[in-house]
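**Q** The primary structure of each chain is shown beneath.
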Amino acid sequence: MEIPGTYAEASGLLASAWLLVGIPLIGAAVLLLGGRRLDKAGHLIGCATIVLDFVLAVALVAALAGQDEGEKAVTDTLFSFIPVGELQVDIGMLFDPLSAVFVLLITGVGALIHIYSIGYMAHDRARRRFFAYMNLFVAAMLLLVLGNGYVTLYIGWEGVGLASYLLIAFWYRRPAAATAAKKAFIMNRVGDVGLIIAIFVMFATLGSTSFADVFAGASGLAAGTVTALGLLLLLGACGKSGQVPLQAWLPDAMEGPTPVSALIHAATMVTAGVYLIARSAPLFDLSETARTAVTVVGLVTLLYGAIVGCAYDDIKKVLAYSTVSQIGYMFLAVGLGPAGYAVAILHLLTHGFFKAGLFLGAGSVMHGMNDEVDMRKFGGLGSKMRITYITFALGYLSLIGFPFFSGYFSKDLVIEVAFDSGGTLGWILGGGAMLAAGLTAFYMTRLMVMTFLGRPRWDSDAHPHESPAVMTVPMVVLSLGSVFAGFILVNVLPLSDWLEPVFGPEPEVDHVVAPIVVSILTTIVVALGVGAAWFFVARREVPVRPPVNVSPVIKAARANLYGDAFNESVFMRPGQWLTRAMVYVDNRGIDGAVNGLAAGLGGTSGRLRRTQTGFVRSYALSILGGALVVTVAFLAVRFG
Amino acid sequence: MLNPYIPIVGLFALAAAFALFSVAAAPYIGPRRYNKAKVDAYECGIEPVDQPLGGARFPVKYYLTAMLFIIFDIEIIFLYPWAVANDSLGLFGLIEMVLFIGTVFIAYAYVWRRGGLEWD
Amino acid sequence: MPDLSAPSISYLGLAPVLIVLGAACIGVLVEAFVPRHLRWNAQVSLALLGTVGALAAVILVAGRNELTAARAVAVDGAALFIEGTIAALGALSILMFAERALDPAKSAFVASAALPVGSSADRKLATAPYSQTEVFPLASFAIGGMMLFAASNNLLVMFVALEVLSLPLYLICGMARRRRLLSQESAVKYFLLGSFASAFFLYGLALIYGYSGTVDLGEIREVAARSGASDALFVTGLALLIVGLLFKAGIAPFHAWTPDVYQGAPTAVTALMASCTKVAAFGAILRLLYVGFGTSEWTWRPLIYTIAIVSMVVGAILGITQTDVKRMLAYSSIAHAGFLLVGVIALGDAATAGRGLSSTLFYLLTYGLTTVGGFAVVTLVRDGDGEATHLSKWAGLASRSPLTAAVMTLFLLGLAGLPLTSGFTGKFAVFRAAIDDGAWPLVVVALLASAIAAFFYLRLVVLMYFSAPAEDGPTVGVPGLPTTIVLAVTAAATVILGLAPGAVLDLAEQAAVLVG
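Going down the list, the protein sequences come from chains A, B and C. Residue numbering for the first sequence is 1 to 640, as defined by our numbering. Residue numbering for the second sequence is 1 to 120, as defined by our numbering. Residue numbering for the third sequence is 1 to 516, as defined by our numbering.
Derived from the structure by calculation, the hints contain no laboratory data. Watch out, some of these pointers could steer you wrong.
[Unchecked claim] Which residues of chain C face chain A? A partial, calculated answer using Cβ under 8 Å:
| # | residue |
| --- | --- |
| 1 | V30 |
| 2 | F33 |
| 3 | A128 |
| 4 | Y130 |
| 5 | L171 |
| 6 | A197 |
| 7 | L240 |
| 8 | P253 |
| 9 | A256 |
| 10 | I304 |
| 11 | Y305 |
| 12 | I317 |
| 13 | T321 |
No residue lacks a Cβ here, since even glycine has one placed at the ideal position from N, Cα and C.
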């Protein structure tokens, strides 16, 4: 591994990395400022910028691959933001293999989803606004992964938060959408506070916030400081990535249009937390505690998501909990240190493909079913929507880790490194991850069965039909990715080699359990999950109304393991009491003081105002008085 | 510390006393022989234009002419020292003076073209 | 007779001033000889050519550090930066002068200023599309005077420059086409009080000359250092000089004229006064205090410290109860003058003047640009009686004209100093320099004053966005090209200097040189 924080200066094509951010930003600006004139062409402009961005990204990655060994990370300072005194905050770009992977994912999947949206949003009158926000999102997300310091990252971080908020509430007339957007925004804020305090700490202790300086100086910090930094960054990552305890916003975020769910809340933005931790690897390498915290968060989340996912009937909610769970896998891997970084990124990539594909498939189903999301009202759609069915099935197989599909390679590796971490914790982590793989197989099979197989349970006015080509082609492309990406990234173009300049060579490990055994065991667990789903769901007729008399476990799962209830009782109620108390104190005490102060100021102002009589003679008198005071004071200073 | 200024203060006092004394003493010791010229307003020695006594306004044109006069008055004040120092300033002084006179002339041209010199 | 030798004059170094004053002189000739129907275009182009040419000249001669014309005028980093700032802000103000689309009578200036208000001839002219073009050379003279004011290294030249900049301003203050009585009143007030303050300056000058036998700032410093600066004459003279300058900069307790004059003067003139005059006055204050009296810091430092506090507090508190946008901006300028004095305090001694000077220069630039923009928006909001400046008329402006309200909001946020606007960067730089200089109590007061001032800026924002539009609300005029340019430039500057101020801060840092 190179010394942390040494980056080569960008030159040639690589110096134009900022264009990646600039192009979609200009696209967003044009679309927002262009007004109704662009209503007709808005979606084309929106897609063109992202496709162009993708082409540029490919060129840049090729250029990066051609760089000499040891110069695989290039940085480029764009401008100094507030160079006052010791506070030197530079805004710049860092283009290294890790950023490159994200850039390809964001622009590639982003381009496909933009194209898909042309069809999906065809009947929406605000389509131009939609594409503007999507472009804004892509720009912010690219800034997030391309920034060469935490401040730049933070700008992108808040930018994607804003775009996410705007897009969740895209149909802002629906109360549910507006509430969900608010919820997302507020829970993200909790995480953002962690991130920004981490940035403050960096500045206070290291005097800089650029990756280069922070990583170079991290080893000189006290152990406690590094751990604190790690935990604060983890808090930020939890907020953005929907990890326990800040997971509750992500399923609600499905109120947004489905392409948004696919791009932002599955493939890219929610993985920003993984990026943040992977990027901060030099910090986490120094703190065992922080890494353990990351793995525990990952494990809890992946189990939580998998359990809750089994109970929901809303197709997008199930996929959302699946996302929560899969990002848990990534957190688990990334928390395992050098052995897990590349694995986490690999799972992130394959997940980006198959989960985006699954969401687009779900969108296609909804498109054909009058925006119905209740799986109990689906059934037997496989014959009506062949392409959707097949691409969705491929994504499904990849997600549950069917052998030799993408998800198989990446998830297996996660479980494997979890076991390899050793000790009791290793067994817990590995076992938990393997159990969740079985649960994943269960809920996804349930979803497949309830949606595409069995007898139709459609509403009377439903006329399911296949979506237009503009929607199906991106789905086909993504399904190809969910089939082959894993194999290619493990065996043909190994991702771990590509990322070596960032994370260093993979350490040699003694396998606690032989990889082949892990593979076989996982496959068996997955098969059990599928079988269980077959046994419980497919054998019987699916009731259109969810059964009421169910076991407490299912009840708990239906209430997302009381996650919202927990938030409500632990944070919201006391929060409300606190707010009420605060309002009381505020009204009586602080407002009294503030209003008193304001009234005092106003009164002072009013009284002082009377000196402004409008008569030149009194003004002249005031000047004379001032002059006398100044002169006397000068003399007093001199002779006093 | 303020010693060097005591004579100046004395001068102030003398000047004030003289002014007061003159005004106060004049009615008592001076002869009183009025004629028309004495009660007329003093206008630079020219024959006073016919106007009612006591607070009537001068036409604004009068001030325009007066101001123009002052401009050239000041110009001449500057010409004297230049004339005295012409030898040591040489060509530089000549150029600067031409510039100065030219600038004043711009104002003159403006007043002339905009009708400031026409009485009616 | 005494030996008199011709001084060497660096015409190149003086070029910025000479260009503007030259343009003004030619403007007078244009007024005299060019036919009436061609005058407007000729005057506008000439005045713009003068200011933009001066800006170009500043860029051309940047980097020089010398005294020229027998040490009377300084050509150094600080002087050139301020001259450039004044030229740029002056050009923007001239563009506002040149706006023809907003007033139905084609110009914001009265056609014949000498007519008695309300006479039948006056009423006839009020709505007739006649305009007079003398304002352009007058403004050019004022701008030239301001540039010289900030660059003069000699008290006499400084005084002459003070008069050159003041006299045209007194005049054009009284030339508003609408609300002429208010405008004339403001002109008379400004004239009387300005002369009063000039007298203080002149008297201080005489005392200093009496003490030191020289009017050259550098020589005054040497005399003061030699004699230990312990003379009542010296101290009194310095106090009176400062009073004269504080008046021009509109700093409390010498601010009384500001609200009345800013309100009454045509808004374009107010923009010129609020930006350029203030910049020039601060240029002169910096030069006077650090070049002339840098070694006697102990005399003026506590006073300037106190006056900074008074000005910030008075500006911020009195701003709260204002009901007129222009008056509110006037009090804002008083508070900002206080913030600028914080930077002046932080300069350190003349030899090492660095960060304090550069941050003050930067603040002047950002404040000037944002203020011009703010007044430009004021010219847009009109009703039948001209500009609608009463706050109640601005209620709900956002629903009627979202773009205007958004631009005004940007300027107000800039003036309040919110992050990501130029105002924040400027304030940050100045306060930072003051803290480094150990003046943190002053910074605490400054922050409190900023918070109070933010109240009245934000109140206007709230009024524009969250109030129901007034029934007989004003219309928002569609600006012509000149005002559009002003708004675009100032808004862009407010944003860019907030987001990426690096380059300009560097420039200010390089320019932080005072010679003499």
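**Q** Give a verdict on every hint.
**A** To see whether the hints hold, each was checked on the structure:
1. V30: Nearest chain A Cβ about 35 Å off; hint violated.
2. F33: This hint is violated: F33/C lies away from chain A, its Cβ roughly 39 Å from the closest one there, beyond 8 Å.
3. A128: violated (31 Å)
4. Y130: violated (31 Å)
5. L171: violated (17 Å)
6. A197: holds (6 Å)
7. L240: holds (7 Å)
8. P253: holds (4 Å)
9. A256: holds (4 Å)
10. I304: Violated. Min distance 10 Å.
11. Y305: violated (11 Å)
12. I317: holds (5 Å)
13. T321: holds (4 Å)
The structure does not agree with the numbered hints 1, 2, 3, 4, 5, 10 and 11 stated previously, though it agrees with the rest.
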